[in-house]
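Enquirer: As you go down the protein sequences, you meet chains R and P in turn. Converting from the first sequence to my numbering requires adding 8 to each position, the first position being numbered 1. Converting from the second sequence to my numbering requires adding 29 to each position, the first position being numbered 1.
Honestly, the hints are just simulated from the structure, not real lab data. Incorrect hints may have been included.
To be verified - Where chain P lies over chain R, by a calculated footprint (3+ residues, C-beta under 8 angstroms):
#	region
1	24-37
2	43-55
Said to hold, decoys possible - Label-pair restraints from in silico Cβ distances:
#	chain 1	residue 1	chain 2	residue 2	range
3	P	Glu186	R	Glu92	54 to 64 angstroms
4	R	Lys266	P	Cys120	52 to 62 angstroms
5	P	Asp145	R	Val298	54 to 64 angstroms
6	R	Ser164	P	Asp42	34 to 44 angstroms
7	R	Asp126	P	Asp42	42 to 52 angstroms
Cβ coordinates follow ideal geometry from the N, Cα and C atoms, glycine included.
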Amino acid sequence: MRHLTSIRELTKDAAISLLDNAQQLSQVNDREVKKLPALRGKTVVNLFFENSTRTRISFEVAAKRLSADVINFSADSSSVSKGESLKDTAQTLEALGADAIVLRHPLSGAPKLLAEQDWISASVINAGDGSHEHPTQALLDALTIRQGFGLSHNLSGLKVLIVGDILHSRVARSNILLLNLLGATVTVAGPRTLIPTGVEQMGATVNNSFEDALSAKPDVVMMLRVQKERMQGEFFSSTADYSKAWSLEGDRLAMVGKDALILHPGPMNRGFEISSEAADDPRSQVLRQVSNGVAVRMAVLYRCLSGEQL
Amino acid sequence: MQERVVLDSPDIDRALKRIAHEILEANEGPQDLVLLGIPTRGKYLAERISSLLEQIDPAYQANCGVLDITMYRDDATNAERRIQATSIPDCGITDKVVVLVDDVLYSGRTVRAALDAITDFGRPRQVKLAVLVDRGHRELPIRPDFVGKNLPTAKTERVRVLLNQTDGQDQVVIG
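Let the sequences and hints guide you as you build the complete structure.
Expert: Here it is as structure tokens:
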């Protein structure tokens, strides 16, 4: 595995093996010396064309835990704002010694383009592209679910409900693909305006009522952030109306099974798509997701960078 | 290539018993011993040596762990390796006598990686090395303290250790 630009590149076995490695690497966090020498001498560039603090820091910590050197390159403060193309930027970074480029880009498909064109020989890892995919987020969610149910292999038989702004969510897309690959059943729920057409073909059932979807007793309720920055035009009448129908709060929180897990990719809009009560509930896995993010990204970086000489 | 059995089940039992006695002798007793097996088969050998130590000396306190060295290898690039669990006994390894246990000693690169890994968990008073088979061809200045069998080999030959726990039978074959 040289690149990871989409969950579609993974077989079931490859996904499970990444999760197994991530599970072992998550234990490094408990050690006194939280560093492994596996990627010593390698250089990882975080190339971010979109603001993101969490994902960038998570990749940065992951690379540093593996002893790689990390360069953070954010497009708004660089030559990109002077009009440099993705190709030139990537080639420049490779000339500076980059072995892997972690790319976040507002355009869907940018990481795939960079991986498939013959511009560079470095590994390309997708850290979120437009409304397309965010594969490491799906992997960390799967790891969190696996841990939450004490599973050591796939997720077969689990029911996962994804709620909110599915249309703009790359997290939802990667999750639908990965959860299906691992044998879980996926339902998506949200306002009709925020459900993309064709989501059924990806392997998700659509439900237009949060209450109805909750009454099916999902094992996992994954709340998504409403991505106002991606919304051109009106997708719902007001925040209050959205919250009334789609926020995880009060009676709806009470409908969530006592052994179910509540996930949110962050950053949370408390009081909008999720109430503080739900975010701080013992069933909420939000912080576990963050620490698993580092482990999953370590596993992905290790896999991409140690297999490259094959 | 024809495979030849070089150690059978009773041979392996005898070798492990002798190693257990030698460890006690070298350490002048069971105090401060920590056994760390290197996955996959070193882990089971360490467990077996540990239970033999318990039988031989009731004063021995079983401190047996697992040390995965995947992330410390210098040759990780040629294979996608599965990372295994590392478990260090609760007593830690600082000021202890650590006995590393592996199945086959060959280039010495695994042991070098293990020595690096150990420093991330503490500072042992001593580190010793026990192997079931020493097949020679060292690429690093590393030597074992306890050896089940010295096995002269050609570099082209392949030594395989089979254990009850992983392979359903105890046997060392060369081919």
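Enquirer: All the hints need checking, so say for each whether the structure fits it.
Expert: Consistency of the hints with the structure:
1. 24-37: holds (count 6)
2. 43-55: holds (count 4)
3. Glu186(P) <-> Glu92(R): 54 to 64 angstroms: At roughly 56 angstroms between Cβ atoms, Glu92(R) and Glu186(P) fall inside 54 to 64 angstroms, so the hint holds.
4. Lys266(R) <-> Cys120(P): 52 to 62 angstroms: Since Lys266(R) and Cys120(P) have Cβ atoms about 38 angstroms apart, the given range 52 to 62 angstroms is violated.
5. Asp145(P) <-> Val298(R): 54 to 64 angstroms: The hinted range 54 to 64 angstroms is violated for Asp145(P) and Val298(R), with Cβ atoms some 29 angstroms apart.
6. Ser164(R) <-> Asp42(P): 34 to 44 angstroms: Holds, at about 42 angstroms.
7. Asp126(R) <-> Asp42(P): 42 to 52 angstroms: violated (58 angstroms)
Of the numbered hints stated above, those contradicted by the structure are hints 4, 5 and 7, listed in ascending order.
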